[in-house]
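Enquirer: Listed below are the residues making up each chain.
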Amino acid sequence: MKFRLLLLVIICCAVAGIAPAVQMSGEDIIRKVDSNLTFDSAQFEAKMLIYVGDEVREKRMISYAEGADKSFSEFTYPARDKGVKYLKLGDQMWMYLPSVEKSIKIAGHMLRQSMMGSDYSYEDALESRKLLDKYSISLAGEKEGNYVLDLTAKVKDVTYYKRKVWVDKTTFIPMRGELYAKSGKLLKVSTTEKVEEFGGRFYPTKSVLRNLLRKNSRTEFIITSAKFNVPIPSGTFTERNLTR
Amino acid sequence: MLLLTLWLTLPSVAGAELDFGGYYKNELLYIVNREGKGIVADVNKLRLRLGADITSYLSIRVEPQYVNLIKSEQIPLLDESEIDKVDFDRAYAEIFLPAADITVGVQRVAWGTGYLWNPTDVFNPFALAFAIAEEERNGVDAVRVEVPLGNLSGLDFVVLTAGDLTKTKKGIRGKTNIGMFDYSMSYIAYGEDGSQVGFDASGEIFGFGVRTEIAQIHTTNEAGTVKAIAGWNYTFENGLGVDIEYFFNGMGEKHEDNYDWNAYFSGELQQLAHSYVYLGFSKLLDEITEARLSFLVNAVDESFIVYPSYWRNLHENVDLFIEALIVSGAEGTEFKPDPALDPTGFLGSNMYFAKLKFSF
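Protein chains in written order, with numbering that gives the first Met the number 0: chain A, 0 to 243; chain B, 0 to 359.
Accuracy of the hints is not assured; some may be wrong.
What the hints assert, rightly or not - Stretches of chain A that chain B covers, calculated by requiring three or more beta carbons in the stretch to come under 8 Å of a beta carbon on chain B:
id, region
1, 39-49
2, 85-93
3, 138-146
4, 206-219
Hints were generated in silico from the structure; no laboratory data involved. Cβ atoms here follow ideal geometry from the backbone N, Cα and C, with glycine treated the same way.
Extracted from the complex, chain B is given alone in its bound form:
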């Protein structure tokens, strides 16, 4: 609220340069649960992007958002704590010093090179990123110091500030560019729960865009567990793009009988299995239309999600998305869990979306 008050009173501050923007999105969903019953829901989201450059050394940014949900039936479709209220998903001040940039407040800390999975990105975790790729990840309360050491090199220090500082996550990351590759290494302390070291790289080999990310995790329960991704992308002369990403999850199970469903539904685990594969195709049909088809496969239990997507820019600031999430797999698999275990009641349902987004 302090930052919003500052932004609102800044017109009276000489020299302040204000930035106003945002978007409104309406998302109509049709969910077909495993019994074949159809459920209709409509999500409305208004997000404002308010920024102010107070001086050349100080700027503030506030992004309040309001989400409401209209549904035909009571279902736990969204996190109830996130709807029907104004949420300040971003609220931070940036201080630009000659030697460093300091960011204080609720912000996004984006580490890693993976498109779908980011073993080294533990500050703003997110599941099924590809499904709503245009959505912002939830912000976290943090202090971040970025020290540039060249055009493409630098150090990044992050401390999460919500709660007991002795127990929150703290990280340091160094990055650079050598040849045609970007590299970075990181260390993150989980407070009392352990730590992880990470490495990532992205570049090009023989015309393929390549990326990799590795994290070795040490916790009180497990020592030396590895999570890693390897990704490749290629675009043909006709514009067809292909993207593949493999995720090795050292904390996952090699057999579905051993899945830890309690940890999964409590949010302690984001993935159940040992390995996953993502395959995506994209094609710009014309300058304002794109079609995509993506597959997310659990390589252990062979359940998968198919995600077809169609985008069209209807007007300069108006975008239409028509999408679906179609789930396949035997009952008891990750994407089609046993209904008795599923507290949400709708995992394993097929979902169809029509989204209209107005940017301003």
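So that you can see chain A by itself, here it is in the shape it has in the complex:
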């Protein structure tokens, strides 16, 4: 009797199309992460809170992005930073400083420098390619509702040679990331503190980055509004817009 009941359950599941649970590979997980974090186009308003000991500095910006290769950001607050703009096209970045009325190409290892005094470097802001394109992935296990993955660079030009990533099993958003140099030194730790849903997509709207090369500092990146797959005004990702 019990066997017949069990057989009936299995048949029903098959008819209903519910397959038994299949273990996801590391690549499958990162593929879902990349799917969440990449988009055709986006428009953000965001703020950075830069903590230095007991002091905090707030910076606000408006950003536009198209795919992984184009982005444009303009800082709107505070007054001393208002009008500073960044343009990213592929692997190149330019900065416009209103105080000198000139655009400057940020090249070479100058990209290691801090962006606007935050714990994010220009390299962090430039990162665009999908994780799957840059890293070999292995699934290290599961912990507290997250997949734990080890990523090792498979191409030369990556900012961090190794990463350890905790990916939420429900939203497929990285909740924690440890970023390592080739020497094995832990350089930065990133944590996601808030995730929101935008039309079926999950996206981190509050992240905290700690640069371990600096004492007692962290930067919170908070997206205050976001629109995905919206038309971006033509001419946005141009040098003309940078200097206008």
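Given chain A's structure and the hints, the job is docking chain B onto it.
Expert: Leaving out everything else, chain B in the frame of chain A:
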């Protein structure tokens, strides 16, 4: 004044989007002249940034500034024509057409890739740029037409409009991006005094940021003189930045005995020697503090300036700078000229600054 009047009356113009900002800066200087005597001066500068987008095709920008100088002793510290009056350092209208942007009025025209020296940037020349890097260069009366030809390419036409148009500077520059490099070429006519052709590039090689700028100058006195810069920058993993720039000045002298001091002090020449080197180090100590140390060396007479600088952001819109310009060299060198020749009376002095800047 016309543009300022327009800006002030624009609230009554429907749809005008106004932008108001600026800064106030107080700069306390202590100058130790070559006799060892200390001189104290205090410079106050208020600069307003007023902008208005009248329509999507037209905007205006006006930047009046007022500078006053309080000093313990009468010294020609600043250009007297620039202090104790309101100066409209920027006053221009911008017209945005689909095919081009046109800028008319007192503006900044920034050509070239050099950080310290810009052989191709002849419209807003400036000496010792690194010493007051955050300062704006003086505006010039010009008409400028920028024609974009792609995301990173375009043509730039400039005509200086002060004075006789047949004698003023006019230039054309084409720029583009190929691979990981920005390139541009330019031609500038000096009116009756000659012309120059220029080239510049900036990009990356093996992790080094690199830049170069070359100008070949043809004047009534000299044909085919070359000025050029080559610069490199690198940032280490710990955040230490190093920047080097070499300047070849074909109009300069290979020996200090031949320096043209008259042309230098009259402003006709900006540099005396044949070659210079700049070396700079910078390090962000934390998110709101930076230390810099720079050296500017005259490679001919071996005089040099050391420029240590400390910056701290005291509050969101308040910045503190503590700096010094320390001069070294034998008497008669460029940075320590013969006092009898120096009309300013203070070249070769060491200077110490404390600057407080409030942005709004």
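Enquirer: Run every hint past the structure and note whether it holds.
Expert: Evaluation of the provided hints:
1. 39-49: Contact hint for the region 39-49 of chain A vs chain B: violated, 1 residues under 8 Å.
2. 85-93: holds (count 3)
3. 138-146: Violated - the region 138-146 of chain A has 0 residues with a Cβ nearer than 8 Å to chain B, which falls short of three.
4. 206-219: Contact hint for the region 206-219 of chain A vs chain B: holds, 5 residues under 8 Å.
Figure legend: structure checked against the earlier numbered hints; hints not met, in rising order: 1, 3.
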